[in-house]
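Participant: One letter stands for each residue in the lines below.
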Amino acid sequence: MFEQIAYASIIVILGVGACLAYFWGSNWLLDKYLLPDKQTIGSGTVNRDKTRSAIRPWLFLFPALFFLSLFLVYPVFATLYFSFFDSASRNFVGLSNYLWAFRDPAFLQSIYNNLLWLIVVPLIATALGLIIATISDRLWWGNIAKSLIFMPMAISFVGASVIWKFIYDYRGVGVEQIGLLNAIVQGLGGTPQAWISIEGLNSFLLMVVMIWIEVGFAMVILSAALRGVPEETLEAARIDGANDFQIFFTIMIPQIMPTIIVVWTTITIKVLKVFDIILAMTNGQWDTQVLANLMFDWMFRAGDNGRGSMIAVVLMLAVLPIMIWNIRRVNSEQGTR
Amino acid sequence: MADLKINNLYKKYGTVEVLKNINLDIKSGEFIVFVGPSGCGKSTLLRCICGLEEISSGTLEIDGRIVNDVAPSKRGIAMVFQTYALYPHMSVYDNMAYSLKLAKIPHAQIKQMVEEAAEKLHLSAYLDRLPKELSGGQRQRVAIGRSIVRNPKVFLFDEPLSNLDAALRVQMRREIGSLNESLPNTTMIYVTHDQVEAMTMADRIVVLRDGIIEQVGAPMELYDNPQSIFVAGFIGSPKMNFFVGKLASKFNAKTVGVRPEHIKIVKSGGVWNGKIIYTEILGSDSYIYVDVGEENPVIIREEGKARQKIGEEISFSPNNNQYHLFDENDKPIKH
Numbered sequence: 000m001f002e003q004i005a006y007a008s009i010i011v012i013l014g015v016g017a018c019l020a021y022f023w024g025s026n027w028l029l030d031k032y033l034l035p036d037k038q039t040i041g042s043g044t045v046n047r048d049k050t051r052s053a054i055r056p057w058l059f060l061f062p063a064l065f066f067l068s069l070f071l072v073y074p075v076f077a078t079l080y081f082s083f084f085d086s087a088s089r090n091f092v093g094l095s096n097y098l099w100a101f102r103d104p105a106f107l108q109s110i111y112n113n114l115l116w117l118i119v120v121p122l123i124a125t126a127l128g129l130i131i132a133t134i135s136d137r138l139w140w141g142n143i144a145k146s147l148i149f150m151p152m153a154i155s156f157v158g159a160s161v162i163w164k165f166i167y168d169y170r171g172v173g174v175e176q177i178g179l180l181n182a183i184v185q186g187l188g189g190t191p192q193a194w195i196s197i198e199g200l201n202s203f204l205l206m207v208v209m210i211w212i213e214v215g216f217a218m219v220i221l222s223a224a225l226r227g228v229p230e231e232t233l234e235a236a237r238i239d240g241a242n243d244f245q246i247f248f249t250i251m252i253p254q255i256m257p258t259i260i261v262v263w264t265t266i267t268i269k270v271l272k273v274f275d276i277i278l279a280m281t282n283g284q285w286d287t288q289v290l291a292n293l294m295f296d297w298m299f300r301a302g303d304n305g306r307g308s309m310i311a312v313v314l315m316l317a318v319l320p321i322m323i324w325n326i327r328r329v330n331s332e333q334g335t336r
Numbered sequence: 000m001a002d003l004k005i006n007n008l009y010k011k012y013g014t015v016e017v018l019k020n021i022n023l024d025i026k027s028g029e030f031i032v033f034v035g036p037s038g039c040g041k042s043t044l045l046r047c048i049c050g051l052e053e054i055s056s057g058t059l060e061i062d063g064r065i066v067n068d069v070a071p072s073k074r075g076i077a078m079v080f081q082t083y084a085l086y087p088h089m090s091v092y093d094n095m096a097y098s099l100k101l102a103k104i105p106h107a108q109i110k111q112m113v114e115e116a117a118e119k120l121h122l123s124a125y126l127d128r129l130p131k132e133l134s135g136g137q138r139q140r141v142a143i144g145r146s147i148v149r150n151p152k153v154f155l156f157d158e159p160l161s162n163l164d165a166a167l168r169v170q171m172r173r174e175i176g177s178l179n180e181s182l183p184n185t186t187m188i189y190v191t192h193d194q195v196e197a198m199t200m201a202d203r204i205v206v207l208r209d210g211i212i213e214q215v216g217a218p219m220e221l222y223d224n225p226q227s228i229f230v231a232g233f234i235g236s237p238k239m240n241f242f243v244g245k246l247a248s249k250f251n252a253k254t255v256g257v258r259p260e261h262i263k264i265v266k267s268g269g270v271w272n273g274k275i276i277y278t279e280i281l282g283s284d285s286y287i288y289v290d291v292g293e294e295n296p297v298i299i300r301e302e303g304k305a306r307q308k309i310g311e312e313i314s315f316s317p318n319n320n321q322y323h324l325f326d327e328n329d330k331p332i333k334h
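So the sequence lines, in the order shown, correspond to chains A and B.
For the first sequence, counting from 1, position 54 maps to 53 in numbering that gives the first Met the number 0; every step adds exactly one.
For the second sequence, counting from 1, position 102 maps to 101 in numbering that gives the first Met the number 0; every step adds exactly one.
No lab work stands behind these hints: they were computed from the structure.
Bear in mind the structure is a predicted one, so any value in this text is a computation, not a measurement.
Possibly wrong hints are sitting among the right ones.
[What the hints assert, rightly or not] Taking lysine to any residue pairs in the SDA-like style, the calculated list, with each CA pair at most 25 Å apart, reads:
no. : chain 1 : residue 1 : chain 2 : residue 2
1   : B       : 119       : A       : 242
2   : B       : 263       : B       : 316
3   : B       : 100       : A       : 22
4   : B       : 103       : A       : 243
5   : B       : 100       : A       : 233
6   : B       : 100       : A       : 228
7   : B       : 152       : A       : 145
8   : B       : 131       : A       : 240
9   : A       : 272       : A       : 254
10  : B       : 100       : A       : 254
11  : B       : 103       : A       : 253
12  : B       : 131       : A       : 157
13  : B       : 103       : A       : 145
14  : B       : 11        : A       : 107
15  : B       : 110       : A       : 233
16  : B       : 131       : A       : 222
17  : B       : 131       : A       : 135
18  : B       : 110       : A       : 242
19  : B       : 11        : A       : 192
20  : B       : 73        : A       : 248
21  : B       : 110       : A       : 245
22  : B       : 100       : A       : 251
23  : B       : 73        : A       : 229
24  : B       : 152       : A       : 258
25  : B       : 100       : A       : 245
26  : B       : 100       : A       : 229
27  : B       : 152       : B       : 174
28  : B       : 4         : B       : 198
29  : B       : 4         : B       : 263
30  : B       : 152       : B       : 173
31  : B       : 100       : B       : 182
32  : B       : 11        : B       : 23
33  : B       : 131       : A       : 87
34  : B       : 100       : A       : 256
35  : B       : 73        : A       : 256
36  : A       : 164       : A       : 275
37  : B       : 110       : A       : 249
38  : B       : 131       : A       : 145
Let the hints inform the model, and build the full structure from the sequences given.
Facilitator: Here it is as structure tokens:
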């Protein structure tokens, strides 16, 4: 035990030390060998200064770029490469993995479910977040409610899935039910259901888990944005004859639109990557399969590098446009600042 | 016609009375300025009139109709805010058209009304721009235009010029003045803490202090016959000089007030004597600060360039009869 801690500490110290040594040392070397010579005057010094300031950013960026390339860029291209090969990555098979996918019912099911998630979760999470942010600012217990709603953010997807598994839990006929949802249904005089296996409904029940987590995120960001809306514009609208709904939709929402879009796209990207909830709750059974879980199935359960990689590529291509758009937005907003 | 009548108006926040027993009659077409130091309740009174604040007790009548419980938009008022409060996501045109759209006026008519107002305020070239693309003065004009299109009976201004620089402020002051002339039937109520704005623009000034009205009157009336030391000190720049204690003993009053422009320096034998500690020479006139042994120096205004030097001992007196006497209650004494 102690040995392990000591070992870890040494590694941390060595790592930090190596970073320091690299940044400080490389900077020192640069200054030493390209120091403006006191004797040289005029253009000679200027040129050296220019070279130095051209080199310095690359020097400092190099470690980050190197590790990003090693662990991010290289795997992307490797995955793309593998997706054109067979399950053992030996024989080139062209597009056949992709062609297979579009006839595979499980794959099509996953695409359908992903689309469903993509539409439902960001929409409901953002809308609920906005409504809660608006209402909680007007109630004395609003801050307590906000803290409670924010809390699920701190729970991992797997942890949340376990909690909701209990809520949806079903024990066979005649056995005492322990699920909260079934307790409510029974309390209202209904019969207990095996919720998770009801096809068509179960995907939505899984989405509830993600919405439960993401509403807190949406609420906090939107609440801050709403507080940034100048009070006078709302008063001016009231004098102009707008009612509360008109003020909300024509004055408040447009003013926080950029924030709404950021929240929306952020949740969208998280939704596209959704994996843990499915794995923990149904593992893709009863028509709840999504791409990320399907990829995991093919890659690590079936051991098929080709199909696994192909699904990874499809997933990446789906995320890419939203990512690019999001980054552009952020950049352009900073540009006008 | 838009007479405005305030009767026994109180405004309370919990147990704190912010406005106490306000009574005011404003005639149609008047330009009224509410003036007073920060926290005197002038903005609160304006917000009570426009309906953004509820009136705790008393009545507010516009055109003979009690409007205490009438929504702001139905009172026939329009308001220009200190921060302009333009809708940042709407173009100038949409900012001005917003209230008309809410009132469900046909589009063609809205267009005509907005363009008319824009013409009047020299905004025609900027109708497609967003507020952030305009200068401070232009934004202020959009805020005014947004109010004009509603064709209000009462125009409310809440410190509209305090976000502008000095030169622009003088220009906008003139523009608001001419706006007032072009709308002879529109009552205007203007809130400011700047007594210069009050003096130059108002038909009548309402001086407020700690939630009560100190005095109502035409600018020169307040200048000539202030009804309290507070009004005497608030109206006029530089401030009126006040002499108390033995400096006032000759006048048989608790306080003697003399405006800097009503003091003349004499060779010797003046009413007061003191040493010059500071001079401000502005070209057209000069301000001489004289230490008379009190906390605040006496300010004397001399025309042209002052010849006196710092450290010089001088003697000075008020011009004939141009001084104000106040009793123990800070109320004026006839003399």
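Participant: Would you mind marking each hint as holding or not holding in the structure?
Facilitator: Tested hints:
1. Using a Cα cut-off of 25 Å, the hinted pair residue 119 (chain B) and residue 242 (chain A) is violated, with the two alpha carbons roughly 29 Å apart.
2. A hinted pair counts as satisfied when its Cα atoms are at most 25 Å apart, and residue 263 (chain B) with residue 316 (chain B) qualifies at roughly 6 Å.
3. For the hint pairing residue 100 (chain B) with residue 22 (chain A), the CA-to-CA distance comes to about 62 Å; that exceeds 25 Å, so the pair is violated.
4. The straight-line distance between the Cα atoms of residue 103 (chain B) and residue 243 (chain A) is roughly 17 Å, inside the 25 Å bound, and the hint therefore holds.
5. Restraint check for residue 100 (chain B) and residue 233 (chain A): satisfied, since their Cα atoms lie roughly 16 Å apart, inside the 25 Å limit.
6. The straight-line distance between the Cα atoms of residue 100 (chain B) and residue 228 (chain A) is roughly 22 Å, inside the 25 Å bound, and the hint therefore holds.
7. Taking the CA atoms of residue 152 (chain B) and residue 145 (chain A), the gap is near 44 Å; set against the 25 Å cutoff, the hint is violated.
8. Of the pairs offered as hints, the one joining residue 131 (chain B) and residue 240 (chain A) holds, with about 24 Å between alpha carbons and a cut-off of 25 Å not exceeded.
9. Taking the CA atoms of residue 272 (chain A) and residue 254 (chain A), the gap is near 30 Å; set against the 25 Å cutoff, the hint is violated.
10. A hinted pair counts as satisfied when its Cα atoms are at most 25 Å apart, and residue 100 (chain B) with residue 254 (chain A) qualifies at roughly 19 Å.
11. Taking the CA atoms of residue 103 (chain B) and residue 253 (chain A), the gap is near 21 Å; set against the 25 Å cutoff, the hint holds.
12. Restraint check: the Cα-Cα separation between residue 131 (chain B) and residue 157 (chain A) comes to about 47 Å, which exceeds 25 Å; the hinted pair is violated.
13. Restraint check: the Cα-Cα separation between residue 103 (chain B) and residue 145 (chain A) comes to about 38 Å, which exceeds 25 Å; the hinted pair is violated.
14. Using a Cα cut-off of 25 Å, the hinted pair residue 11 (chain B) and residue 107 (chain A) is violated, with the two alpha carbons roughly 66 Å apart.
15. Pair hint residue 110 (chain B) plus residue 233 (chain A) holds up; C-alpha atoms about 24 Å apart against a cutoff of 25 Å.
16. Among the hinted pairs, residue 131 (chain B) with residue 222 (chain A) is consistent with the structure: their alpha-carbon atoms are about 24 Å apart, no more than 25 Å.
17. A distance of roughly 31 Å separates the Cα atoms of residue 131 (chain B) and residue 135 (chain A); the hinted pair therefore is violated under the 25 Å criterion.
18. As the CA atoms of residue 110 (chain B) and residue 242 (chain A) are separated by approximately 23 Å, the hinted pair is consistent with the 25 Å bound.
19. Of the pairs offered as hints, the one joining residue 11 (chain B) and residue 192 (chain A) is violated, with about 58 Å between alpha carbons and a cut-off of 25 Å exceeded.
20. A C-alpha spacing of about 21 Å is found between residue 73 (chain B) and residue 248 (chain A), which places the hinted pair at or below 25 Å, so the restraint holds.
21. Among the hinted pairs, residue 110 (chain B) with residue 245 (chain A) is consistent with the structure: their alpha-carbon atoms are about 21 Å apart, no more than 25 Å.
22. Restraint check: the Cα-Cα separation between residue 100 (chain B) and residue 251 (chain A) comes to about 17 Å, which is no more than 25 Å; the hinted pair holds.
23. Restraint check: the Cα-Cα separation between residue 73 (chain B) and residue 229 (chain A) comes to about 23 Å, which is no more than 25 Å; the hinted pair holds.
24. Note on residue 152 (chain B) and residue 258 (chain A): the hinted pairing is violated, with a Cα-Cα distance of about 39 Å set against a maximum of 25 Å.
25. For the hint linking residue 100 (chain B) to residue 245 (chain A), the alpha-carbon distance of about 11 Å falls within 25 Å, and the restraint holds.
26. Between the alpha carbons of residue 100 (chain B) and residue 229 (chain A) the distance comes to roughly 22 Å, so the proposed pair stays at or under 25 Å and holds.
27. At most 25 Å may separate the alpha-carbon atoms for a hinted pair to count; residue 152 (chain B) and residue 174 (chain B) meet this at roughly 19 Å.
28. Of the pairs offered as hints, the one joining residue 4 (chain B) and residue 198 (chain B) holds, with about 23 Å between alpha carbons and a cut-off of 25 Å not exceeded.
29. Of the supplied pair hints, the one linking residue 4 (chain B) and residue 263 (chain B) is violated, its CA atoms being roughly 44 Å apart against a limit of 25 Å.
30. Between residue 152 (chain B) and residue 173 (chain B), the direct Cα distance comes to roughly 21 Å. Compliance with the 25 Å bound is thereby established for this hinted pair.
31. With a CA separation close to 23 Å, the supplied pair residue 100 (chain B) and residue 182 (chain B) stays within the 25 Å bound.
32. For a cut-off of 25 Å, the pair hint linking residue 11 (chain B) to residue 23 (chain B) stands: about 18 Å separates their Cα positions.
33. Restraint check for residue 131 (chain B) and residue 87 (chain A): not satisfied, since their Cα atoms lie roughly 60 Å apart, outside the 25 Å limit.
34. For the given pair, residue 100 (chain B) sits about 22 Å from residue 256 (chain A) by alpha-carbon distance, which is consistent with the 25 Å threshold.
35. Our distance criterion of 25 Å between C-alpha atoms is broken by residue 73 (chain B) and residue 256 (chain A), whose separation comes to about 30 Å.
36. A threshold of 25 Å between alpha carbons decides the hint, and for residue 164 (chain A) with residue 275 (chain A) the separation of about 13 Å falls inside it, so the pair holds.
37. Between residue 110 (chain B) and residue 249 (chain A), the direct Cα distance comes to roughly 20 Å. Compliance with the 25 Å bound is thereby established for this hinted pair.
38. With a C-alpha separation of about 33 Å, the suggested pair residue 131 (chain B) and residue 145 (chain A) falls outside the 25 Å cut-off, and the hint is violated.
In terms of the numbered hints stated before, the structure departs from hints 1, 3, 7, 9, 12, 13, 14, 17, 19, 24, 29, 33, 35, 38, listed from lowest to highest.
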